[in-house]
Every structure is written in C-alpha cells, then in structure tokens.
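Whenever a hint applies, use it, and build me the whole structure from the sequences.
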Amino acid sequence: MRILHAKSGKYHEVKIVPIEKKEWRLIEESKRFEFDWNKEKQHTVYLLKLVVEEKLLGIVAVVDIPKEFRLHIQLIENSKSNIGKKKEYDFVAGCMLAFVCNLAVEKGYDGFVSLEPKTKLENLYREKYGFNAMGKLFYSSLENSLLLIKKYLEL
Amino acid sequence: MINYEEIYQRLRKEYTDEEIAEAMLIPKDWASEEEKKEAQEEFGRLRMKMLAERTPEEKLYGGLITIQFQIKAAIEGRLTPAKTSGDFLRQYIKVIGKTQKEFAADISLHPSRVSRIIKGKEKISKAIAYRLEQHSGNTIPALLWWKLGQKETEEEIKKETKEREIERQYVKNIVYKAL
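Note that the protein sequences, when read in sequence, are chains E and B.
First residue of the first sequence? That's 1 in this note's numbering, and the numbers climb one at a time after it.
First residue of the second sequence? That's 1 in this note's numbering, and the numbers climb one at a time after it.
In case anyone wonders, no lab produced these hints; they're calculated from the structure.
Nothing here was measured: the structure is a model prediction, and the numbers come from that model.
Just to be clear, a hint being listed does not mean it is correct.
[Stated by the list, open to error] Reference listing, derived: stretches of chain B covered by chain E, where coverage requires no fewer than 3 residues with Cβ under 8 Å from a Cβ of chain E:
#1 25-33
#2 40-51
#3 64-76
[Said to hold, decoys possible] Calculated lysine-lysine pairs in the DSS-like style (CA-CA distance at most 30 Å, straight line):
#4 E/K31 / B/K13
#5 E/K107 / B/K158
#6 B/K172 / E/K107
#7 B/K98 / B/K72
#8 E/K151 / E/K7
#9 E/K136 / B/K101
#10 B/K13 / E/K49
#11 B/K94 / B/K49
#12 E/K39 / E/K10
#13 B/K119 / E/K107
#14 E/K21 / E/K67
#15 E/K10 / B/K59
#16 B/K101 / E/K120
#17 B/K13 / E/K107
#18 B/K37 / E/K107
#19 E/K49 / E/K128
#20 B/K72 / E/K15
#21 E/K49 / E/K107
#22 B/K147 / B/K98
#23 E/K67 / B/K59
#24 B/K126 / E/K136
#25 E/K80 / E/K15
#26 E/K150 / E/K87
#27 E/K136 / B/K13
#28 B/K126 / B/K158
#29 E/K128 / B/K59
Ideal Cβ positions, reconstructed from N, Cα and C, are used throughout, including at glycine.
Encoded structure:
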C-alpha cells in the first residue's frame with residue numbers, strides 16, 4: 001500500500017493497523033487531529049502509518065454490522081499536515097476508505113460500506129469516492145468498492 | 001451527541017469544502033437521537049431488501065470475490081479465523097451451488113481427489129489450480145491457489161520435526177558439519 005509524497009512526487013509505503021492501547025493518549029497529546037478520538041473507543045479504530053518511520057498520518061473508525069452485511073465508517077481523519085493545498089501526502093483518506101472496502105469484501109459483505117456524511121458535503125463524497133445515497137445514508141457497493149481498492153490499494 | 005458542525009466551521013476558516021471532504025469524513029449532525037435511529041433503521045431495511053433482490057449471478061460473483069480476497073488475506077497471514085486450501089475449496093463448491101461430485105465432474109477430477117484436498121490429505125497441484133482458474137472464469141487465479149499452497153508448505157516446514165527425523169535416516173553422508 002503506497003501514498004504519494006506531494007513535494008517529491010515519490011510513493012511511500014504505508015500500513016493500516018489496529019490502534020494499540022497506549023496510542024489513544026498519544027493521539028490526544030499530539031494535537032494533530034481535530035476530532036476527539038477518545039469518543040470512538042467503542043468502535044474498531046485503525047491507524048494509517050508510514051512503514052519506515054511509523055509516522056501516523058490518518059485514523060479511521062469502523063463499526064461492523066454483521067446482520068446487515070455491512071461495515072459502517074464512523075469517522076475518517078487525516079492528520080493536520082495532510083489537509084489542503086500544503087498537504088504532505090496525497091491519497092491518505094482514500095487509502096483508509098479503500099482499506100475498509102477491502103475488509104468488507106473479505107468479510108463476505110459484497111464490499112458493502114456505509115457512511116453518514118455531513119449533508120453539505122454529501123455531493124463531494126459522491127463525486128470523489130463514488131458513494132451513493134440510500135435513504136439518509138450513503139453506501140459503496142461491490143462494483144464501486146472494487147474500484148476504490150484498485151485505485152488506492154493497488155498503487 | 002457530538003457537535004460536528006463546530007469542528008466543520010473551524011476547519012472551514014482554513015480549508016475549502018473539497019479539501020475537507022478529501023481529507024476526512026465529517027458525520028451528519030442529526031437533530032436528535034431519534035432521527036438518527038430512524039434513519040439507520042430505514043437504511044437497514046433498504047439494505048436487507050437489496051440483499052434479498054440480488055440475482056443468482058450477483059450472489060455467485062460476490063461469493064467468488066470473497067474467496068479471492070480471503071485467499072489473498074490468508075497468503076498475507078492476516079485471515080482470522082485461518083483457513084486452509086481445503087476449507088477454501090469446500091467454500092468454493094458451496095458458493096457455486098454444486099455437489100462435490102458435480103464439481104469433480106466439471107473439472108474432470110475423481111471425486112475422491114476432491115475429497116482428499118478438502119480433508120487436507122492432498123495439495124492443490126498446478127494442474128488443478130489451472131482448472132480452478134478456468135472453472136471460476138478467472139475470478140480466482142491459479143497463482144492464488146498456488147501461493148496459498150506454498151504458504152501452507154512453509155508453515156509445515158517450520159513445524160515438522162518428526163518428518164525431518166524420518167528423512168534423516170536416508171542421508172548416508174553429511175558433507176559439512178557446523179562447529
């Protein structure tokens with residue numbers, strides 16, 4: 001799994017791993033994230049890190065809803081240095097989204113992933129990541145999830 | 001409930017909506033817990049309807065893709081619970097909705113060999129991997145079956161002590177003895 005280092009144009013290896021107990025406090029103390037991640041402790045939380053220096057670049061919280069054969073993404077956040085025009089790396093959030101899609105295929109959920117995005121940003125999630133509306137939530141089904149996996153995880 | 005609007009407004013002073021949406025998922029601010037619960041229940045109903053309305057082809061493709069991805073995870077050593085080649089072959093036969101005998105006839109293999117592979121008494125050969133690749137319409141490439149077999153052999157080599165002892169008796173001469 002690789003992401004693009006914006007300044008050099010080079011790809012760097014990353015990994016996505018479950019959060020470890022000691023890391024909750026480190027995230028809070030780093031002040032590199034806007035959301036209060038301690039409130040996501042009841043969910044499954046994964047961290048996207050650089051393989052070489054283990055630098056944390058993004059966090060994603062996921063809820064498994066097996067009776068509906070879906071994974072629900074609760075929250076995604078890039079670290080502050082990876083937002084906007086001056087971002088250090090590209091594809092951080094895309095990689096985390098695709099990682100969850102990959103998990104949803106492995107689990108036998110037909111790659112089905114749901115989101116509850118902020119209303120004002122809904123169209124952007126649709127355009128950028130191909131999510132579709134169903135009721136008041138958004139989803140990615142198998143075809144779109146496989147596209148996201150190909151785009152972000154098979155770089 | 002967490003007020004995400006506040007965070008959004010703070011971010012908005014520095015970034016455009018596009019930049020925010022590209023870097024994070026900001027959840028919807030529901031008017032109440034009831035509204036959120038209702039929306040989730042409605043979504044759940046629609047999801048169940050979607051599942052019930054899947055065509056046989058969609059179910060088959062979904063099942064085959066699941067096996068493909070699970071084999072990849074098994075090769076990378078991150079599939080839990082772990083599955084063997086035999087487990088995957090059993091899952092494959094279930095997904096295609098055939099009996100072991102029907103499946104064996106499909107790929108011109110004696111049913112007893114299919115049974116032996118499922119029980120872990122026989123490995124998937126290159127020839128069988130090619131047949132499985134063809135049979136799945138290339139959805140599960142031969143290389144994945146082969147790599148999975150290699151991974152299993154690797155694990156056996158790490159653990160087998162008795163087998164090492166058995167083979168030792170056939171070695172008549174040792175050309176180098178470490179100090």
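Against the structure, the hints come out as follows:
1. 25-33: Holds, because 5 residues of the stretch 25-33 of chain B bring their Cβ atoms closer than 8 Å to Cβ atoms of chain E.
2. 40-51: With 9 residues closer than 8 Å to chain E, the stretch 40-51 of chain B meets the three-residue bar; holds.
3. 64-76: n = 5 at 8 Å, threshold three: holds.
4. E/K31 / B/K13: Cα-Cα ~18 Å, so holds.
5. E/K107 / B/K158: Holds. E/K107 to B/K158 sits at ~29 Å (cutoff 30 Å).
6. B/K172 / E/K107: Since the Cα atoms of B/K172 and E/K107 sit roughly 51 Å apart, the hinted pair is violated (cutoff 30 Å).
7. B/K98 / B/K72: holds, 24 Å
8. E/K151 / E/K7: Distance of about 21 Å is within 30 Å: holds.
9. E/K136 / B/K101: The given pair, whose Cα atoms are some 47 Å apart, is violated under the 30 Å limit.
10. B/K13 / E/K49: holds, 27 Å
11. B/K94 / B/K49: holds, 23 Å
12. E/K39 / E/K10: Violated - the C-alpha atoms of E/K10 and E/K39 are around 35 Å apart, more than 30 Å.
13. B/K119 / E/K107: Given pair B/K119, E/K107 holds - Cα atoms ~24 Å apart, limit 30 Å.
14. E/K21 / E/K67: Answer holds: E/K21 to E/K67 is near 28 Å, not above 30 Å.
15. E/K10 / B/K59: Answer violated: E/K10 to B/K59 is near 40 Å, above 30 Å.
16. B/K101 / E/K120: Cα-Cα ~56 Å, so violated.
17. B/K13 / E/K107: violated, 40 Å
18. B/K37 / E/K107: holds, 25 Å
19. E/K49 / E/K128: With Cα atoms ~23 Å apart, E/K49 and E/K128 stay inside 30 Å; holds.
20. B/K72 / E/K15: Holds. B/K72 to E/K15 sits at ~16 Å (cutoff 30 Å).
21. E/K49 / E/K107: holds, 23 Å
22. B/K147 / B/K98: With a Cα-Cα distance of about 25 Å, the restraint between B/K147 and B/K98 holds, given a limit of 30 Å.
23. E/K67 / B/K59: Between E/K67 and B/K59 the Cα gap is close to 17 Å, so the pair holds against 30 Å.
24. B/K126 / E/K136: Violated: B/K126 and E/K136 sit about 49 Å apart, past 30 Å.
25. E/K80 / E/K15: holds, 19 Å
26. E/K150 / E/K87: Between E/K150 and E/K87 the Cα gap is close to 23 Å, so the pair holds against 30 Å.
27. E/K136 / B/K13: holds, 27 Å
28. B/K126 / B/K158: holds, 23 Å
29. E/K128 / B/K59: Distance ~28 Å between E/K128 and B/K59 Cα, so the pair holds.
Checked against the numbered hints above, the structure violates hints 6, 9, 12, 15, 16, 17 and 24; every other hint is satisfied.
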